[in-house]
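Novice: Sequence:
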Amino acid sequence: MAKKLLLIDGNSVAFRAFFALHNQLERFVNPDGLHTNAIYGFNTMLDHMIKAVEPTDMLVAFDAGKTTFRTAMYDNYKGGRAKTPSEFSEQMPYIKQLLDAYGIKHYELKDYEADDIIGTLAGQADQAGYTTTVVTGDRDLTQLTTEHTTVAVTVKGVSEVERYTPAHVEEKLGITPAQIIDMKGLTGDTSDNYPGVTKVGEKTALKLLKQYGTMEGIYENIDAMKQSKMKEHLIEDREQAAQAKVLATIKRDAPIDVQLTDLTYAGPDLDQLAAFYQTMDFQSFLKKLHLQSDEPATPIDYTVLTKDNLAELQQLTDHVDFYLEMPTPNYHTSAFAGFAIGADGHWYISRNVELLMQPTVADLLSSTTIAKDVFDMKRTTVGLNRLGIQLGKVDFDLLLVSYLLDTNDNSNDLGSLAEQHGYTDLPSDETVYGKGVKRAIPEDDDVFFSHLARKLAAIADLKPQLLKELAANEQDQLYDDIEKPMANVLAQMEIAGITVDSSRLKAMGSQFTERLSEIEQTIYQEAGEEFNINSPKQLGHILFEEMKLPVIKKTKTGYSTAVDVLEKLAPEAPIVANILQYRQISKIQSTYVVGLLDAIHSTDQKVHTRYLQTLTQTGRLSSVDPNLQNIPVRLEEGRKIRQAFVPSHEGWQIFSSDYSQIELRVLAHITNDENMQAAFKAGDDIHAATAMRIFHLNSAEEVTPNIRRQAKAVNFGIVYGISDYGLSQNIGITRKQARSFIDAYFKEYPGVKKYMDEIVQTAKEQGYVETISHRRRYLPDINSKSFNQRSFAERTAMNTPIQGSAADIIKIAMIKMQDKLQAAGLKATMLLQVHDELIFEAPKEEIPVLEKLVPSVMDSAVQLAVPLKVESHYGDTWYDTK
DNA sequence: AGAGTCACG
DNA sequence: ACGTACGTGACTCTA
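Positions 53 to 934 (the numbering used here) are the ones given, in order, by the first sequence.
Everything labelled a hint here was simulated from the structure, so no lab data went into it.
Please note that the accuracy of each hint is not assured.
Pairs of lysine-lysine, BS3-like flavour, derived with a Cα cap of 27 Å [what the hints assert, rightly or not]:
#1 515 x 558
#2 589 x 606
#3 658 x 872
#4 224 x 606
#5 608 x 262
#6 359 x 283
#7 606 x 262
#8 788 x 605
#9 224 x 283
#10 148 x 56
#11 520 x 339
#12 445 x 515
#13 868 x 445
#14 262 x 303
#15 297 x 118
#16 297 x 251
#17 103 x 340
Given these sequences and hints, build the entire structure.
Specialist: Structure follows, in structure tokens:
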């Protein structure tokens, strides 16, 4: 049989696992007080790789301590690294125990790193005709790839890897695996703390290698290179580079005393593994083990609910678990497949949702004293509403709570989510219902009913644990006072829907169709041939190969034809302007005319979006099916789409209020910057005020529109976690100028500077950032080795509290708003939310009331250190609210 | 299914 | 030196 060898870089993968589950650090503690997150993550990765590779032979290599031949050669090697957390080191011996139970050989060698052991064995395996897979978190190991050796580098979480073959290395970097060491030699390695050639980074290195092949090749030709700073650096740092290359080179001949033939993998010792899992308190792995040993899944008890036993439900007087199954995601239109109801292990199931309308059940559900525990209360509320039933008091919503605990837990599948929280008695819907075209509700009653019963059991079982975690995070208020009431408000808005004038849309559509075919003909003439303008590939061919226009930007797959590129090309050829025009109209046509028409419900001429309440990483909502949060407004052409959004009654109007600069006001609040707060308190135009400060102007007259525009861009940039490059691109200035703008900004608003530094520091220490309402976002990459990932996490750390707090504020306003509308007995209805804007419909005569009420509710939603400002507009259509 | 593009805050 | 602004969803083409 063909030999398949799996080699694992033990330290690297364990470290990766530790940080991937860092946000769960305190949940992974066994009864002895040992942290187990790295062990758990390592095990997950192990299972995943064994399943994917099906190895006949395996070995896990470890580093053998601090000093190696590399430290002997260069004493700063891996110097200056942050100390390994003790929570991590304490787990290492147990990872080795785990491997023993798995029957996997592990090995370490004094004076050598795990890399060298792997390199040596991979080389031997290649000779012996094995197929080898190397698993590591360290990209440098890609130098080992050959035709028979694949290197799988962990990218995200614990089980996602990127597989490097020689072809993949070539494709990503444009060099061969053997040239990786030349590249490292030139660039050095910050995380291992050795330098290469000054000012030479990956890009320069790759360019040089493509030209000269190897580091030696570069130096052989160095004299012929034209004079430049780079040449000087190359000459000066020659020795350093040579040393770096040696440091980066993985040994292929380490003096190992294991033989390839010793590595046979025969599978785990199940008893030993079970005992290990018991000590570690790994319930889910224990479960899997039992499944493997062919023990039947524990059956679950349930009762089929019928008209005859309905009365039994009257015993439920304290709390009720409830789940309504709708097979498709859109609960406004989905069929009903069945439901489950019960409490304390007594589960009643039926496919017949008409039973829900029986008073016994309906009263239970709509009761405001008997609390319901559910999964996705908004979905449940809308679904029940279609059956004429109100969902009353909800105590626990597993979906909402999981999202608040960790915004990454945003799967909509109850089974997957439960598993995330260590509950393994519930398979995913995909497992039970199938996926894709094969997805269907099981015909077998027992299969389906058991699944529904297990859903209730999961909700009931996880409730105490999750509520405890919520309290520990100080998120009780966020849950009780914001997200739960929010779910109800959103359900009402979704049910209300907004009326769309389809004849208006259709009229616009035929105009667009006509214009499109005209432009299309012009483009074909200018191109000299017909092609698909919607295909970036074909368009790129025409523009850059046939017409030979200059290439400004490339994408992964070819030439970029994005707007910013085309705008630069417009002066070169008239076809470009026509393409831009075509793109603009075709976007409006496909997404907003045709797309919107498709979404109109024929029953009421309305669109009913769904707001996703548990998706975004910041706490904002998102809107789907259709997305009503990105209806065109910036360009007049598209803005006209808004004329199709009309009130649902004769004599009514559309009314809208929006927060003005809410994110900058939040910024002024949380940074406590005196200068920025003063500007808002004085009611100044903040962009003009910023302009005067950073450009040192003395009077408001000196703020020209262009200067104000630049200051506005800087303000935005700050909110996004600015970089000089990003700002320079945005407003078309040099990087140096952008840098000086930013420096001036921080000097003028020192509180902002201080906040930005502190929030990044806080994120690095605690692993997450928070909004004013204790909404939390974990940033696992904040301490990443990769500059890119780390920088991204740092910008996120700066932006999330701002964007997220603004989201908190409008949510609070919406909840208060809904109450006020009801209390005032108004007919006005809240229809839409677009991040900083609320849209209503109301009888004309209520407009004056709304003009006072809405802004007052919005600006007093929370008390900040600066005032909140709200602007209102109204008219006959959404278009007219300007 | 993923990439490219473009609509919004 | 590194490679770049934060958060979304829908449509079209192409593998």
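Novice: Could you run down the list of hints and mark each one as holding or not?
Specialist: Hint-by-hint comparison with the structure:
no. : hint      : in the structure
1   : 515 x 558 : violated, 50 Å
2   : 589 x 606 : holds, 12 Å
3   : 658 x 872 : holds, 25 Å
4   : 224 x 606 : holds, 14 Å
5   : 608 x 262 : holds, 19 Å
6   : 359 x 283 : violated, 88 Å
7   : 606 x 262 : holds, 19 Å
8   : 788 x 605 : holds, 22 Å
9   : 224 x 283 : holds, 26 Å
10  : 148 x 56  : holds, 22 Å
11  : 520 x 339 : holds, 24 Å
12  : 445 x 515 : holds, 16 Å
13  : 868 x 445 : holds, 18 Å
14  : 262 x 303 : holds, 25 Å
15  : 297 x 118 : holds, 21 Å
16  : 297 x 251 : holds, 16 Å
17  : 103 x 340 : holds, 14 Å
The earlier numbered hints that this structure contradicts are 1, 6.
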